[in-house]
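Residue numbers (the numbering used here), protein chains in the order written: chain A, 1 to 208; chain B, 1 to 208; chain C, 1 to 208.
By construction, these hints were calculated from the structure, which means they are not laboratory data.
Keep in mind that the hints are not guaranteed to be accurate.
Unchecked claim - From the structure, some residues in chain B lie toward chain C, with a derived Cβ separation under 8 angstroms:
(1) 57
(2) 58
(3) 121
(4) 123
(5) 124
(6) 142
(7) 145
(8) 146
(9) 147
(10) 150
(11) 151
(12) 158
Glycine included, each C-beta is placed from N, C-alpha and C at the ideal position.
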Amino acid sequence: MRLPTARLIEIADLAGTFLFAAEGAMAAIRGDLDFFGVMVLSFATAVGGGMMRDVLLGATPPAALRDWRYGAIAFAAGVATFVLYSRAGAIPDWLIVSLDAAGLALFAVAGTEKALSHGMHPFIAVLLGTITGVGGGTIRDVLLVQVPVVLRADIYATAAMAGAVVMVCGRALRWPAPLAAGLGGIVCFGLRMLAVWQHWSLPHASAP
Amino acid sequence: MRLPTARLIEIADLAGTFLFAAEGAMAAIRGDLDFFGVMVLSFATAVGGGMMRDVLLGATPPAALRDWRYGAIAFAAGVATFVLYSRAGAIPDWLIVSLDAAGLALFAVAGTEKALSHGMHPFIAVLLGTITGVGGGTIRDVLLVQVPVVLRADIYATAAMAGAVVMVCGRALRWPAPLAAGLGGIVCFGLRMLAVWQHWSLPHASAP
Amino acid sequence: MRLPTARLIEIADLAGTFLFAAEGAMAAIRGDLDFFGVMVLSFATAVGGGMMRDVLLGATPPAALRDWRYGAIAFAAGVATFVLYSRAGAIPDWLIVSLDAAGLALFAVAGTEKALSHGMHPFIAVLLGTITGVGGGTIRDVLLVQVPVVLRADIYATAAMAGAVVMVCGRALRWPAPLAAGLGGIVCFGLRMLAVWQHWSLPHASAP
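Whenever a hint applies, use it, and build me the whole structure from the sequences.
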């Protein structure tokens with residue numbers, strides 16, 4: 001199962017890179033940044049989570065710097081978003097939320113898988129999968145001086161963590177890697193979309 | 001002295017993790033974040049400084065990811081704070097300041113000791129001890145979009161650095177590790193508490 | 001060419017460290033931080049970009065922690081700025097912009113060279129050179145809770161990237177290292193100064 005697993009991480013990572021880069025570009029355009037600012041945010045949003053994961057794993061240089069395709073995809077998504085933004089008409093919110101949830105699911109799955117394949121404890125693999133999913137968006141929000149969506153949004157990091165947990169359990173039960181990853185991704189994506197649609201949210205602490 | 005020193009770092013690190021996680025949770029609750037946001041800030045505040053230290057030392061994966069107890073303690077402290085916050089009555093400021101000063105002292109000592117045991121130059125060990133002490137709170141404040149306490153607070157990083165200096169000097173004078181660490185921690189804690197109590201502050205540059 | 005190249009990185013790095021530390025100190029003084037806050041920002045601005053580069057390259061501990069001169073230079077520049085700030089009369093804007101552009105050029109060149117000497121792909125070396133140039137200022141701005149200059153300023157990261165590209169092309173054409181580095185630095189510095197002087201800016205995306 002070596003090869004398919006590595007291939008799986010790669011495909012999920014590259015697809016997530018495209019989606020998160022496009023989202024970072026949109027956030028930059030809405031913040032009225034210039035062309036280069038849009039490129040910086042595309043790149044940081046797309047590869048930030050994976051870079052955090054790889055630096056923490058000690059797998060340096062990170063995949064995003066060892067493989068030129070990550071940067072190329074991120075910049076291509078940034079350029080495409082920059083050019084098409086004005087022509088596309090107002091982009092509906094549901095599309096942005098869906099793309100983001102898909103990116104979150106892909107990165108959570110890829111990050112968890114990579115942590116497991118580096119021999120990390122399942123509990124740590126869940127943490128690293130979650131960090132991979134939410135890291136890029138956190139960097140994007142910090143650079144735009146906003147409280148990160150991961151701290152504000154209903155069931156966001158929770159969804160990433162749920163997907164990672166499903167995946168870790170699946171691997172513990174010796175499911176094939178693609179099945180565990182697929183189910184984990186579906187749980188993450190579905191939970192996030194349901195939460196947005198149903199306005200689910202987690203409890204807040206009551207004041208003393 | 002191998003074993004006691006390693007044990008010392010570990011105990012100081014775990015105790016600091018609990019205190020900083022509780023403090024991160026309180027900051028998150030005051031910022032009206034939901035349950036998961038409270039967990040994220042507990043974890044980031046508690047292990048952020050140590051992770052920075054370990055990544056900079058090249059000791060990856062960081063201790064906080066190699067040992068599940070760090071994450072478990074951080075989340076336990078976060079949950080306990082979340083549940084007890086409303087029942088505890090208003091938490092007095094002096095308690096928060098004291099817990100924070102204790103966490104700062106524990107982390108500054110643990111970070112300096114770890115840097116020294118990795119063979120770093122004493123001057124660099126002081127820097128890494130200070131980073132370990134103030135790193136988690138800095139990440140917490142950046143995520144909450146506030147100027148970090150380390151840049152605002154009177155004698156904060158200064159206290160961490162003073163503790164680290166005492167410790168490095170003690171080790172140079174061949175004091176036993178627990179004595180050097182204990183004195184360093186007391187100096188850091190005492191200096192920070194005195195500064196808050198006496199409203200000590202460092203000079204500001206005068207305007208031209 | 002081993003020795004001259006290593007020496008080149010070192011000199012550019014140390015000179016850039018001094019300039020960026022002075023600039024970080026000025027930003028801190030303007031933000032009314034106390035003496036230690038000024039020291040923290042001097043250090044973070046000066047060594048932040050190089051630390052990011054080294055951590056991403058897996059060259060840990062970073063140069064700034066292996067060599068005490070980086071920290072010493074950063075703190076010396078911070079102290080000098082703190083002491084002289086009030087006596088210097090209002091520091092003219094053009095001087096600050098020039099120092100910053102010089103620091104940007106030195107770091108972009110040093111970062112690109114180091115990435116190439118670690119065997120990175122030229123495309124990645126350009127990215128790492130740019131990150132080295134803009135990383136410290138980004139950390140400074142995030143700590144001061146401002147949208148980073150790299151996202152706002154006209155032709156800033158663009159200039160760093162242009163210098164890195166010139167350098168990578170020069171090395172590909174087998175120019176001597178000092179020539180490639182010199183030309184890269186001049187292009188970066190010149191482009192940034194021209195952009196500020198002529199109010200050049202990059203296009204923004206048009207609204208839908």
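We went through each hint and held it up to the structure:
1. A least Cβ separation of about 6 angstroms between residue 57 of chain B and chain C falls short of the 8 angstroms threshold, and the interface hint therefore holds.
2. Because the smallest distance between the Cβ of residue 58 of chain B and any Cβ of chain C comes to about 3 angstroms, under 8 angstroms, the interface hint for this residue holds.
3. This hint holds: residue 121 of chain B has a C-beta 6 angstroms from the nearest C-beta of chain C, less than the 8 angstroms allowed.
4. Taking 8 angstroms as the C-beta cut-off, the interface hint given for residue 123 of chain B holds, the closest approach to chain C being about 5 angstroms.
5. Of the supplied interface hints, the one on residue 124 of chain B holds, with its beta-carbon coming within about 5 angstroms of a beta-carbon of chain C, less than 8 angstroms.
6. Taken as an interface hint, residue 142 of chain B checks out: its beta carbon lies about 6 angstroms from the nearest beta carbon of chain C, inside 8 angstroms.
7. At about 6 angstroms, the closest approach between the beta carbon of residue 145 of chain B and any beta carbon in chain C falls short of 8 angstroms, and the interface hint on this residue holds.
8. Look at residue 146 of chain B: its Cβ gets to within about 7 angstroms of chain C, closer than 8 angstroms, so that hint holds up.
9. Evaluation of the residue 147 of chain B hint against chain C yields a held restraint, the C-beta minimum of about 5 angstroms falling below 8 angstroms.
10. Checking residue 150 of chain B against chain C by beta carbon gives a least distance of about 6 angstroms; that is within 8 angstroms, so the hint holds.
11. With a least beta-carbon distance of about 4 angstroms to chain C, the hint placing residue 151 of chain B at the interface is held under the 8 angstroms criterion.
12. Hint on residue 158 of chain B holds. Least Cβ distance to chain C is approximately 5 angstroms, under the 8 angstroms limit.
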